[in-house]
Amino acid sequence: MQPVKLLLRAASKLRDAMHQAAHQDGFHDFLSGLEHCQRALREARRRVDMARQLRLTSVMTDLQTTVVTCVRDLYDSAADAARNLARPTPPAPSLRFLLEELRQIEADFGSLTIDWQAKAISAATEPITLKDVYLGPFEIRFFWERLTRTMDDFCFDVVALDPHPPDASEDVTHPHVKRSKLCPGAAKKPLGDALEQGRLADAYTLVLGVLVTYNASSPHVALEEWAGARCHDCQCPLPDDDRSFCEACSRDYCQDCASFCWSCDGLRCTHCLELCQVCQRGSCQSCLALTQASRRRCCTECRRICVDCEAVFARDEQKHGSSLCPACRSVSPPAPSDPGAAEPMSDTLPDPTSEEDLHATSLDSDTTSPRAA
Amino acid sequence: MKILFINNSGGGFADRIEVESGTTVTQLFTERLPTAKSEDFLIRVNRLPVSADQILQEGDRVSMTPTKIQGARPAV
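Residue numbers (my numbering), protein chains in the order written: chain P, 1 to 373; chain R, 1001 to 1076.
In short, the hints are calculated from the structure, not lab data.
With a Cα cut of at most 20 Å, we get these calculated EDC-like pairs of lysine to aspartate or glutamate:
(1) R:LYS1068 <-> P:GLU139
(2) P:LYS189 <-> R:ASP1040
(3) R:LYS1068 <-> P:GLU126
(4) P:LYS131 <-> R:ASP1040
(5) P:LYS189 <-> R:ASP1015
(6) P:LYS188 <-> R:ASP1040
(7) P:LYS181 <-> P:GLU139
(8) R:LYS1068 <-> P:ASP108
(9) R:LYS1068 <-> P:ASP152
(10) P:LYS181 <-> P:GLU170
Some, not all, of what chain P presents toward chain R, calculated at C-beta under 10 Å:
(11) ARG103
(12) ALA107
(13) ASP108
(14) HIS174
(15) VAL177
(16) CYS183
(17) ALA187
(18) LYS189
(19) PRO190
(20) GLY192
(21) GLN197
(22) ASP202
(23) ALA203
(24) LEU208
(25) SER217
Yeah, the Cβ is synthetic: ideal placement off N, Cα and C, and Gly gets one too.
So here's chain P without its partners, still in its complex pose (with noise of 0.2 Å):
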């Protein structure tokens, strides 16, 4: 624990920087802003004055609109100024109220330093691990003179003392620190009150719930890239430029776990890719089709579709010749040239028959048809 008299000391020096942030610069802001308007107010002006002398009558709709928005920016240009210059000035916190603040940070962080040189006061918290991403402790250094210059989390830096940054940026210690620099989110408006109000400990805890809190939604590197990208299937690491993303299941992969689909040339994954059944060769489902007489799933290239039933069949049930699946070949009549060959050899299907001539021709060649007999 540090001595009363150094903590004394530290309180009467964040008394001074309270003080003198009090009777800052709110004043000269104010009249700088207003003197803008009005410098704004007195160009539009001479524009107006200069399109009447030139006669620019088709500009000039425009130009007086123009007057008539600088006119109401310095209306509420100078209610602003009139409403916080009368305000009063709120006395700095006393000595009494700010070692009690520095009192209490010590018991809820356990320890405080104060660094004389750099007009810091830092306490540790305990290591940090978010989402099973171990991030370490950290130092909440509070920098006493910023607060001259501005009563928000400026004031402090943040800073890892075992950093376990993303592979993706040295700069990132913490999803929400980068550079030793916070990003409050929803912690700004209090911590700002907090500052204001001389409540150091309460600022001290509000940096500390952000530091615990990760969220998904706004960090500077997701948790779950922390690591950095890796090959889903081996989980080497992948480097920006080596890797490999299958648009099936929109992940990515090192090269080693990625192909092609031999049908439609599209990247995937050796796990979305399932092997044609007659060639053996990947493709990705979506490319794939059942064929209906065999049940077997093959690739654009293996596959035909039957000129008369539209069925899917594979490639090795074709016969030489014909166009037809199994089950319409297995129905079809013979060549006449041929008539006890069970399927056409031609390249050519045959020239199309009326149906009483096939009847015809199928019980001409039937010994022991009733016409026969």
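Given the coordinates of chain P, assemble chain R onto it according to the supplied hints.
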């Protein structure tokens, strides 16, 4: 009776408020932060942790600070 109430969540609030005698910490929390869960807050009276049923006294300093706060990457 008057107490100093500090709410460090959302827009923040710190001011003296009037509460009825016999009001407990839990009752104040429920009244002031009706949609929040007390287990997500660090509640102190006069800088000390307290039980939920502690009855507030005149002049107490009550602070309620969320322990889980969503940080965010600044908008580009």
